[in-house]
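Residue strings, one per chain:
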Amino acid sequence: AQKVTQAQTEISVVEKEDVTLDCVYETRDTTYYLFWYKQPPSGELVFLIRRNSFDEQNEISGRYSWNFQKSTSSFNFTITASQVVDSAVYFCALTSPDSGGYQKVTFGTGTKLQVIP
Amino acid sequence: DTEVTQTPKHLVMGMTNKKSLKCEQHMGHRAMYWYKQKAKKPPELMFVYSYEKLSINESVPSRFSPECPNSSLLNLHLHALQPEDSALYLCASSPGTSGLYNEQFFGPGTRLTVL
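As you go down the protein sequences, you meet chains U and S in turn. Numbered according to the numbering used here, the first sequence spans residues 1 to 117. Numbered according to the numbering used here, the second sequence spans residues 1 to 115.
Honestly, I wouldn't trust all of these hints.
Claimed, not checked - Residues from chain S that face chain U, not an exhaustive set, calculated with beta carbons under 7 Å:
hint, residue
1, Pro42
2, Pro43
3, Glu103
4, Gly109
To be verified - Under the rule of at most 16 Å between Cα atoms (straight-line distance), these lysine to aspartate or glutamate pairs were calculated in the EDC-like manner:
hint, chain 1, residue 1, chain 2, residue 2
5, U, Lys104, U, Glu26
6, U, Lys104, S, Glu44
7, U, Lys104, U, Asp29
8, U, Lys104, S, Glu24
9, S, Lys40, U, Glu44
10, U, Lys104, S, Glu103
11, S, Lys40, U, Glu10
Think of the hints as simulated: they come from the structure by calculation, not from any bench. Even glycine gets a Cβ: it sits at the ideal position worked out from N, Cα and C.
Assemble the whole structure, with the sequences as input and the hints as a guide.
Right under this line is the structure:
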């Protein structure tokens, strides 16, 4: 069985602070994909990043950066110089084959980020 | 066109009603998905269509009936729902042939209330 844990339920930061959202996953598969999605109050999930299990390179995209460490089964997300528009619920997700070979997706419970002006 | 549209935005229905949710994308994606999301919970996958064929049904009750008439359109037919089915229903699509291994593009959802 696979599992995604986002231990931080809610985080509040003051604008311009840096914030890191944690994601820890469990899977027995050697091939899997990890994702981060943002869900603003409007409701639609917005894709942020995808990583496969063989690519441990960290990535930076503007104010966003991701740290993937297989040794600790973590895929953490950092927002630098946070802005009010970053306020949203952020989901980490894991996709891998299930025991029957079908793809299975598991979302973490989400972290609600509030950026205070 | 790089968006997924969903109609209606809100729907209120009684337990004896029959209604349908509609989802449309014109990005040429060949995989489409239905998710259910309860308040303060993550999305739960319901159905996956790949090349207009149902490829995954996550043991969803038969009162939910999906349909994919063509590669751009996905419907979810609702019949005899229960109040606990009230939720945000999200549609998504993804490019390529790798299904859930690809990034998904989500619509804004239909907020369903069952009375």
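Hint check:
1. Look at Pro42 of chain S: its Cβ gets to within about 4 Å of chain U, closer than 7 Å, so that hint holds up.
2. Interface hint at Pro43 of chain S: satisfied, since its Cβ lies 6 Å from the closest Cβ of chain U, which is below the 7 Å cut-off.
3. Below 7 Å, beta-carbon pairs count as interface contacts, and Glu103 of chain S has one with chain U at about 4 Å; its hint therefore holds.
4. For Gly109 of chain S, the shortest C-beta to C-beta distance to chain U is roughly 5 Å, which falls under 7 Å, so the interface hint holds.
5. Note on Lys104 of chain U and Glu26 of chain U: the hinted pairing holds, with a Cα-Cα distance of about 13 Å set against a maximum of 16 Å.
6. Simply put, Lys104 of chain U and Glu44 of chain S have alpha-carbon atoms about 11 Å apart, close enough for the 16 Å limit, and the pair holds.
7. Our distance criterion of 16 Å between C-alpha atoms is met by Lys104 of chain U and Asp29 of chain U, whose separation comes to about 11 Å.
8. Restraint check for Lys104 of chain U and Glu24 of chain S: not satisfied, since their Cα atoms lie roughly 23 Å apart, outside the 16 Å limit.
9. A hinted pair counts as satisfied when its Cα atoms are at most 16 Å apart, and Lys40 of chain S with Glu44 of chain U qualifies at roughly 14 Å.
10. This hinted pair checks out: Lys104 of chain U and Glu103 of chain S have alpha carbons roughly 14 Å apart, not beyond 16 Å.
11. With a C-alpha separation of about 11 Å, the suggested pairing of Lys40 of chain S with Glu10 of chain U holds against the 16 Å cut-off.
This entry does not satisfy hint 8, going by the numbered hints stated previously; all others are met.
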